[in-house]
Amino acid sequence: MVAGKYISTLLIVLSLAVVAMSFNIEGQSVFDPSSPAFFPALVGAVMLISALMIARRGVQSPSSAQEEDKAPKPVAGNEDDEELEKDMYEVENITQKGINIRLILFTLLVVLFAVLMNYFNFMVLSFLFLFGAMLLLSREKVLRSLILSAVFAVGFYYIFVYVFHFVFPS
Amino acid sequence: MLDQILVPFTDLHLLLLIALGTLFGVVKGLLPGLSVTMAVTLLVSLTYTWDTIPAIVTMIAVFYGGVYGGARSSILINVPGSASSLAHTFDGYPLTKRGEAGVAIGITTIYAVIGGAIGLLCLALAAPFLGELALGFAARDYFLIMFLGLLLVGGLSEGSMAKAIFVAGIGVTLGMVGMDSLTGVERFTFGNLELKSGINYIACMLGLFGLSEVFVQLHNLGKVKADVIIGKILPPLIYLIKFLPLTIRTAIIGVVVGILPGAGGEISSLIAYDHAKKTVKNPTRPFGKGAYEGLVAPEVAVMSTNGGAMIPMLTLGIPGDAVTAVLIGAMTIHGLKPGPMLMVETPELFWVILGAALVSLIFIIVWGLSAISFFARVILIPKYILMPIIVFFTVIGSYGINNSVADVYWMIAFGVIGYLLKLYKFPTGPMVLGIILGPQMDVYLRRAIITEEGSVWGFVSSLFVHPISLILTLFVLFTLLSQTNMYKKMTKQLFQKFSKKSA
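Going down the list, the protein sequences come from chains A and B.
Once you know that position 90 of the first sequence is 90 in this note's numbering, the rest is easy, because the numbers rise by one and skip nothing.
If you count the second sequence from 1, you need to add 1000 to reach this note's numbering.
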């Protein structure tokens, strides 16, 4: 619920920011319907109304949303066949903290890939990214990740250069 | 006209691209959690340097292949490959449990082609007529259609309409970053030179539809549990005749839903399934237990929706759903103007697109009925291999737009935003529609007001004077009204009264 309140406040602040920025468009009046400031202000006002409505209803926190997802949902036509509703994915044995760490590390890896694009040989960097990401997500399968990332890095490089005519940073 | 339709059939280069595009779409579509929109968006950035026709034709093939492929994982593992294939789980998976996965795939393949062909027939008949009609549209009419599109996306999105409108508002605001096309005035640039040319919406789409989906998938990397017996593939021929009336009815549902801006296959397939359940008196089996009709109806509807969605896209320049929004972006990048002028300036392209979609349907049969066991294995690719590859594509795709790392940063930022939106149950589709439609809505609204000598009152009254504007205004008002609690209560009460009377 606390997170929900923060989100609601953020939405209201964002809407107000859009309205305020519309007022600050240089040399333009939001009250002149033919000016470039008119429509952004109008959009900001609509966003503000929506944000207030969302705040009134309350934003669902991710945890409660997930709980709701886990609750059994009737599937049209096969309510009496519970076996069919079983999740077809094996549930991974991981805590919420573990998921968060994984998400943060994965995002950092993507950012690092982007940052280093201008400084590293692209094929080598692709290999390092793919290997690092596969290793992070699989943990144990080092050899398989190594082989696959090498194959994909080389394969994709030539496909992008010769099929899609890409110019990679040197 | 016929010459141009036949171009994709006779040009070997295009034929190969369509074959590969359809295959890519099918494979992508059958991987749960990875949307067709994401596949097409990736392709927009990758085919940026290509000639117009090969690029557009490939995207159309991926679009058709992807929409078809979504049903495969619904049937085999009870996990929809895309939102539009949710209805396929209802009877598709029970068929797999009975050892009839092959028949289920055979039915979806055959009816995908039939539904797709009906959708394209409607496109061929309606588009030239609507294109001519659209030439008479005034600026206010375009504004109303786009406004209606955003409202419908809001109304039909997952979660509340307020959330969808808010997200669309953010999209519209982001779309207006840069120089105003009418006056050249800078908006929301904060004096930054790079922002002057606006935010690249392909990077935005790659983040919202690509990276954010990967982040969501990282919540559970568990393997797919699957034990599939394929069995025979083709259903008895007699069913083709038996299912004909249902096919026609559900194809009409698909086309109509497709034409509505913002409504796509996810809506039409559920409506069609519900329609089949209510109207088919003696199904092959009870619905939910493996009725063939329960697969025919959603598949025909979903595939005919594609043709329907392309009608407003090609004639009015308005996306029917998220994929067509991306296609509009792709056409704009290649210097085309989707809308009434497309039919006037480059009518040949329209017919080539139609021909490409037809060829793609043929390849759906080829890929759909062959190597079924192989495709069943594709679903089993572990996520730890798949996710890094998808991220790799999104990074390369966003870099390739301008050969600039700045676009990759934008993509990552939008990926994080998209992930947070999904986490808090906000729809992401309206944001993309907002980015694409927002700047156009702004221009059309101001043009309409300028036509009325700068008077807002004059603009409002003009909405009720001109017949086309009046119809569109009534649609907008009805859509707004239909979202109010009062209207929902009233319809519920009315429905209860009628059901009591009929009982």
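Treat the hints with caution; some may be incorrect.
In silico lysine to any residue, SDA-like type, Cα no more than 20 Å apart, as pairs [unchecked claim]:
no., chain 1, residue 1, chain 2, residue 2
1, B, Lys-1425, A, Met-117
2, B, Lys-1196, B, Val-1405
3, A, Lys-97, B, Leu-1423
Everything labelled a hint here was simulated from the structure, so no lab data went into it.
Hints, verified against the model:
At most 20 Å may separate the alpha-carbon atoms for a hinted pair to count; B/Lys-1425 and A/Met-117 exceed this at roughly 34 Å. A distance of roughly 17 Å separates the Cα atoms of B/Lys-1196 and B/Val-1405; the hinted pair therefore holds under the 20 Å criterion. Annotation: proposed proximity of A/Lys-97 to B/Leu-1423 holds, straight-line Cα distance about 16 Å (limit 20 Å).
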